[in-house]
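J.: Read top to bottom, the protein sequences are chains A and B. With positions in the first sequence counted from 1, the corresponding number in my numbering is that position plus 856. With positions in the second sequence counted from 1, the corresponding number in my numbering is that position plus 69.
Rather than coming from a laboratory, the hints here were simulated on the basis of the structure. Heads up, a few of these hints could be off.
Stated by the list, open to error - Lysine-lysine pairs mimicking BS3-like chemistry, simulated, CA-CA at most 30 Å apart:
#1 K157(B) with K917(A)
#2 K186(B) with K264(B)
#3 K264(B) with K917(A)
#4 K157(B) with K264(B)
Claimed, not checked - Okay, the calculated bits of chain A under chain B, using three or more residues with CB under 8 Å as the criterion:
#5 944–958
#6 964–970
Note that the Cβ used here is the ideal one computed from N, Cα and C, for glycine as well.
So the chains spell out like this:
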Amino acid sequence: MTPRRRRLVLVLGIVAGVAIAGALALQAFRENVMFFFDPTQIANGEAPSGERFRLGGMVEKGSVVRQPGSLDVQFVVTDFQRTVPVRYRGVLPDLFREGQGVVAHGRLGPDGVFTADEVLAKHDENYMPPEVHRSLKTPAAAPTPAPEG
Amino acid sequence: MDWTWFHRFGSPPHLYGLAGRLTPWFAWPSAFLIAAGLYGGLVLAPADYQQGDGFRVIYVHAPSAWLSLMAYTWMAVAAAIGLVWRMKAAHAAAASCAPLGAWFTVAALCTGMLWGKPMWGTYWVWDPRLTSELVLLFLYLGYMGLRSAIEDPQRADRASAVLAIVGVINVPIVRYSVEWWNSIHQAPSVMKFGKPSISWPMLTPLLIMFVGFTLLFVALLLVRLRGEILRRERHARWVAEVVAG
């Protein structure tokens, strides 16, 4: 092997080694890298019990109940297979809507209700003007997100 | 195969002249496209059905994020070429990429935070996408710090090249973080297979901005590369001739 060939093999070896090490490390930390758990993972007992964690999913349509005269709000988070009821007191972000993604940070109580102390909206990757969204909504079959909650 | 064209890139005076001649061919189209893209994105494009006018951050955020990754990839490839072929010009190109990539990373992070506050409800969360992009910034800073910490230019080239190559593993992690793990950051709207998830009147200015930013990066890279070559060759006779005019 010429010295240049040897250096090339060395560089490719570094890249391959780091890639394998990175893949193994990320595989090992899989759960810790997860930003949130969805309701199915919680039903399977994958979420840490008794600790704070994040719950993510869609706000179920028609599930948002606001207590008049206070900031208390209750809603149901769904991944279209399982659901988790959520209790929260505080200001909700602008994009919080029924049928939209949400990430709540808090604890799962023994009664199965998730008490959140922080609620973030998760936007999806769809960008469109309001007219396009209205015309998309007319065929009622498509599960398009509601324009407002 | 004849490799003389490749080895001519290794000649500093040749590369210096070539970079100077090429710069306007990237700088002017870039200025034109960015102006057109900003006008299209900020004025002509319709507001989003959910985010209103706030979505327009995408016209700076997405191209910056794209270049933060592309600059790193170029930097690592140039560093590898420099390491394998012992080509000083390639090391100079890698060194020129780093500050540009770092600034595009800062731009992507800052614009993302400005968008995140009204849309998500927070400036920052330790989410896989956000965290890996921050790691990318630290890799750029580490690369530049390592270079400036070693006085001997050849040793600085080689040590920083190894760091650049090792760090390239982070590029696919940033790109695929939103698909591999649950993330608060949305999945790609444009850089994916299949139909873009963004309507055409909004997408056209975005694509113009992507091309404009990429050309801007190349133009700035050429300018920086010329400066880097002059700095490295400051004792050479041809530099004295160039400076004297």
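J.: Failing hints, ascending?
T.: Checked against the structure, the hints that fail are numbers 1, 4 and 6, while the rest are satisfied.
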